[in-house]
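Engineer: Protein chains in written order, with our numbering: chain A, 1 to 142; chain B, 1001 to 1160; chain C, 2001 to 2101.
Hints in this document: simulated from the structure, not taken from any laboratory.
Don't take each hint at face value.
Unchecked claim - Straight line, CA to CA, 30 Å or less: simulated DSSO-like cross-link-like pairs of lysine-lysine:
(1) 94/A <-> 1110/B
(2) 94/A <-> 1155/B
(3) 1088/B <-> 1155/B
(4) 1130/B <-> 1155/B
(5) 1110/B <-> 1155/B
(6) 1155/B <-> 1057/B
(7) 94/A <-> 1130/B
(8) 1130/B <-> 1057/B
(9) 1130/B <-> 1110/B
(10) 1088/B <-> 94/A
Said to hold, decoys possible - Partial list, computed: chain A residues near chain B (C-beta under 7 Å):
(11) 22
(12) 29
(13) 53
(14) 67
(15) 68
(16) 69
(17) 86
Glycine residues also receive a C-beta, built at the ideal position from the N, C-alpha and C atoms.
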Amino acid sequence: MSELLNIFSIILILSGLVFFLGASIGILRFPDFYTRMHAAGKGDTLSTILIMSGMAIQVIGDFEGSSVLVAIKILAIAVLIMLTSPTSTHLLMKAGYDDGIIPVSKDKKTKINDLGGPFLKDSLSEKSVAKKKTATKKRVKK
Amino acid sequence: MYRALVFLLLLITWIVLSGLIDPFHIGLGVISSALVAWLSSDFLFENRSAKLIHRLKQLARFPGYLIWLLWQIVLANIHVLRISFSSKVNDQIQPQIVRFRSGLETDFEKYVLAQSITLTPGTVTLDIDKDMFTVHAISDHAAEGLVSSMAQRVKNVFAE
Amino acid sequence: MDFILICSGIALFLMMLPIMYRIVVGPTAIDRIVAVNVIGTKTAVLLIIIGALFHNVAMFVDFAIAYAALNFLGSLAAARYFNRTRPAYGQVSQEGGDADE
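Bound conformation, chain A alone (with noise of 0.2 Å):
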């Protein structure tokens, strides 16, 4: 039993470094900053889930008694990153976005998608068609 929960932690550690290693390429590779975003923003919280409950697993398995507690730390550890992890890249990715950087697309052209979905079919509110005007003066000016 113990054997294999050994393994299975092992194997947790080793899930996240490899997706860990798919950010870090990612952060390295992608070619403007908010597919940069996209890597960083996922990649890190999977991989810091996955190697917090591998090592939850260690502790609980290593020593008896008094581990659970600290196992109980490690998941809340992971929890607190998989809350603020998100908004921590939302409010970046905000910042650049109100700043005016243009994502790259294929054609040198932004572009949006309005999809109405299932819920309400509706034209743009006053304040994201002002912030697309801006978008395409500041492009125009540069």
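Here the structure of chain A is known, so what remains is to put chains B and C in place on it, guided by the hints.
Structural biologist: Coordinates of chains B and C only, in the frame set by chain A:
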């Protein structure tokens, strides 16, 4: 009632983080969490008029959504992994900005949806303007899968 | 088991190097903040691994909690600052200044 709930949550957090179970430290925890709950309990739980049974129902439906979300996160990471190891990155991605209306009402529902969008396949929330979500998607595939399922699932979790 | 922990710690450290490159080169300021954020998260993980190597996880886990929370607050504050005061690229473009109104 909600104030007591906030107090209990804070006390549990205190006990887990301190790890010392003796009368002195527990007493300190009770005093400080009572103080925090008295000062700032109105930050949590926006809608105070909802019944307790309603909250419990939402709580019971939440883990199923969480498991589905974890599976989606794994899929998203495999997607990013494939893109970042492919020999030509620029051919694999079609970055675009997507706008849609979610049809959600309370702030917490929007928060859950925005977090889920940020964590799942190839999409990051850029802006929330009342009900209008602005999302940056990394490929056409991600943009298509976005609107249909996720907002409906969040709506189902928080339904009456 | 210690061998695997040491290897994974070294692998984590080596994978931070591409992100270091992004901190040094990164064209926009926000790129650099994101890279610092990722490294901070991974440092919390690395602290846990170091604690397991020293057989003293109970002490290091508190450091990791504080590090993760402070990392989040730091990136939040930096994002707020860059959102309000200055453009993402280095030089201030005077033409774009009227766009905020």
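Engineer: All the hints need checking, so say for each whether the structure fits it.
Structural biologist: Outcome of the hint check:
no.	hint	verdict
1	94/A <-> 1110/B	holds (16 Å)
2	94/A <-> 1155/B	holds (25 Å)
3	1088/B <-> 1155/B	violated (39 Å)
4	1130/B <-> 1155/B	holds (16 Å)
5	1110/B <-> 1155/B	holds (10 Å)
6	1155/B <-> 1057/B	holds (13 Å)
7	94/A <-> 1130/B	holds (15 Å)
8	1130/B <-> 1057/B	holds (26 Å)
9	1130/B <-> 1110/B	holds (9 Å)
10	1088/B <-> 94/A	holds (28 Å)
11	22	holds (4 Å)
12	29	holds (5 Å)
13	53	violated (11 Å)
14	67	violated (11 Å)
15	68	violated (10 Å)
16	69	holds (5 Å)
17	86	holds (4 Å)
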